[in-house]
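**Q** Put together the whole structure using the sequences plus the hints.
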Amino acid sequence: MGGSVQELNALVSKEGRDEAVKAFFERIDACAEKLRILDKAVVVTHHDCDGLTSGSIMVKALQREQIEVNTVTLKQLYTEDISRLKNMHATLIFTDFGSSYIPTLKSEYGNEFYIIDHHQRGNGAHDQHLNPMEFGLDGGVEISSAGIAYYTAKAISRKNKELASIGVVGACGDMQDSRSNGLLGLNQQMVQEGVDADVLRVKTDLRLYGRISRPLAQYLTFSTSPILPNLTANKDNCIKFLENLDIPLQDESGKWRAYEDLNASEKKTLSTAILMHLHEHNTPEWKLNELIGEVYTLTRENPYSPLRDAKEYSTVLNACGRNGQSTIGFHVCLGDREDYYARAMGLLQEHRRNLAEGIQLMQTEGLREYENYYFFDAENKIKDSIVGIVAGMLYGSGGVKTDKPIVAFSRHEDGSIKVSARATSELVRNGVNLGAALKETCVALGKTAEGGGHRIAAGCRLEVEQAPAFLSMFDQKVGEQLSIRSR
432 MGGSVQELNA LVSKEGRDEA VKAFFERIDA CAEKLRILDK AVVVTHHDCD GLTSGSIMVK
492 ALQREQIEVN TVTLKQLYTE DISRLKNMHA TLIFTDFGSS YIPTLKSEYG NEFYIIDHHQ
552 RGNGAHDQHL NPMEFGLDGG VEISSAGIAY YTAKAISRKN KELASIGVVG ACGDMQDSRS
612 NGLLGLNQQM VQEGVDADVL RVKTDLRLYG RISRPLAQYL TFSTSPILPN LTANKDNCIK
672 FLENLDIPLQ DESGKWRAYE DLNASEKKTL STAILMHLHE HNTPEWKLNE LIGEVYTLTR
732 ENPYSPLRDA KEYSTVLNAC GRNGQSTIGF HVCLGDREDY YARAMGLLQE HRRNLAEGIQ
792 LMQTEGLREY ENYYFFDAEN KIKDSIVGIV AGMLYGSGGV KTDKPIVAFS RHEDGSIKVS
852 ARATSELVRN GVNLGAALKE TCVALGKTAE GGGHRIAAGC RLEVEQAPAF LSMFDQKVGE
912 QLSIRSR
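Using this note's numbering, read the sequence shown as starting at 432 and increasing by one per residue.
Treat each hint with caution, since some may be false.
[To be verified] For each label pair, taking beta carbons as the anchor points, the in silico distance ranges come out as:
| id | residue 1 | residue 2 | range |
| --- | --- | --- | --- |
| 1 | Ser914 | Glu716 | 19 to 29 Å |
| 2 | Arg515 | Arg799 | 28 to 38 Å |
| 3 | Asp449 | Thr635 | 20 to 30 Å |
| 4 | Gln907 | Asn713 | 31 to 41 Å |
| 5 | Glu496 | Ser914 | 46 to 56 Å |
[Unchecked claim] In silico lysine to any residue, SDA-like type, Cα no more than 25 Å apart, as pairs:
| id | residue 1 | residue 2 |
| --- | --- | --- |
| 6 | Lys671 | Leu722 |
| 7 | Lys491 | Asp767 |
| 8 | Lys832 | Gly797 |
FYI, nobody ran anything at the bench for these hints, they're computed from the structure.
We treat Cβ as the ideally placed atom computed from N, Cα and C, and that holds for glycine.
**A** Have a look at this one:
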């Protein structure tokens, strides 16, 4: 399954990897021993897919130990949130953020907190900080917060092995499956454990989004990763394309067929035709290579539910969290397939509309080009919770070249600026590290600017008056990264 561990863009040498993994799991085991005997806990998590999956895994694991658990979900963790959480009077478990705030957390809570995170870390050490980056393992590639939560839950009790499927959803939500057309390293190990627990099935197949829930014509029409020339955004052409392949769009009962409804011969015919179509339109080799890879099926879900596919499940959770309804996403992760599930499906439709409108706005108004990135200020026209997703989707839509990162501004409710930055895998290979660039820029701007993230995606918060200086400094930081790599 997936690529080999040797393919990882790891931060350690191959010789040191085994020791790094061993040390990481020793800390997980030590934390699990303490977590297992808590009286009361509050799981504080990020509102995106990886946050909701990692948070729900910890909630489920602790509840199974008869521990009282409450949850708090935030758009992002900022300094003022840390002080406000003090009145919870319980041990705090931060999932999918917290690594940048260890000194502040220690000053408020001593050692009575845990961090499960995979983002680039800040200063300070803490024995209950579970982050692969601290051990030289790449949290941007081989494990997300959901995976760390899964391994922690399994260390608490072996009966939590079934939660591997939720861990895989979190990894896919953070796009860790896109680096090598499948999950790698510690994620790959989690996939195998999910297969062994009979909650996952993995196979090599066409990786276009929507294989479970989208009718065939829509499956091609809405493809943005990659763009299908003359097919993406042209439903009539997609219908003709499928008809020319003699692939029926409906079954005998009149039900619209999805990709997963096709037999093996039809899947091979369609996959081959798409590859040939892309080749004829001079699609770069690296894009062709992204078309086929691993897909992950959650075997206990309804065959026609979007929750059946890990990528589609991740979109459902993002739809909940990024539309201010994290509780719905939590309940879906914890097993609700009735009221909360129905509400999640409604949010999914709203989320898709919001993303489409956001992309259209950026394409209509255009991006400003700086020396080392493209810039767009959405002001209040795109929700601060989805502006980063929209920026990333611009690459796939063909609305912007892939030669530079994209930086987008939106506005928080308090009037401050939300900054979202996105890059491509190719840019990361060329030296771009958005998390480091944002963090260094924020440090230079002063304590009211806070941010960080991954190499490929990162974010921060600014005061309005800091914006001009930020744009200039960030341009310089990215330029320095690219110049170092090119030497």
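**Q** Now look at each hint and say whether the structure bears it out.
**A** Right, here's what the structure says about each hint:
1. Ser914 - Glu716: 19 to 29 Å: holds (27 Å)
2. Arg515 - Arg799: 28 to 38 Å: Since the Cβ atoms of Arg515 and Arg799 sit about 36 Å apart, the hinted range of 28 to 38 Å holds.
3. Asp449 - Thr635: 20 to 30 Å: Taking Cβ atoms as reference, Asp449 and Thr635 lie about 28 Å apart, which means the hint holds.
4. Gln907 - Asn713: 31 to 41 Å: holds (35 Å)
5. Glu496 - Ser914: 46 to 56 Å: holds (52 Å)
6. Lys671 - Leu722: Holds, because 21 Å separates the two Cα atoms, which is no more than 25 Å.
7. Lys491 - Asp767: Answer holds: Lys491 to Asp767 is near 13 Å, not above 25 Å.
8. Lys832 - Gly797: holds (12 Å)
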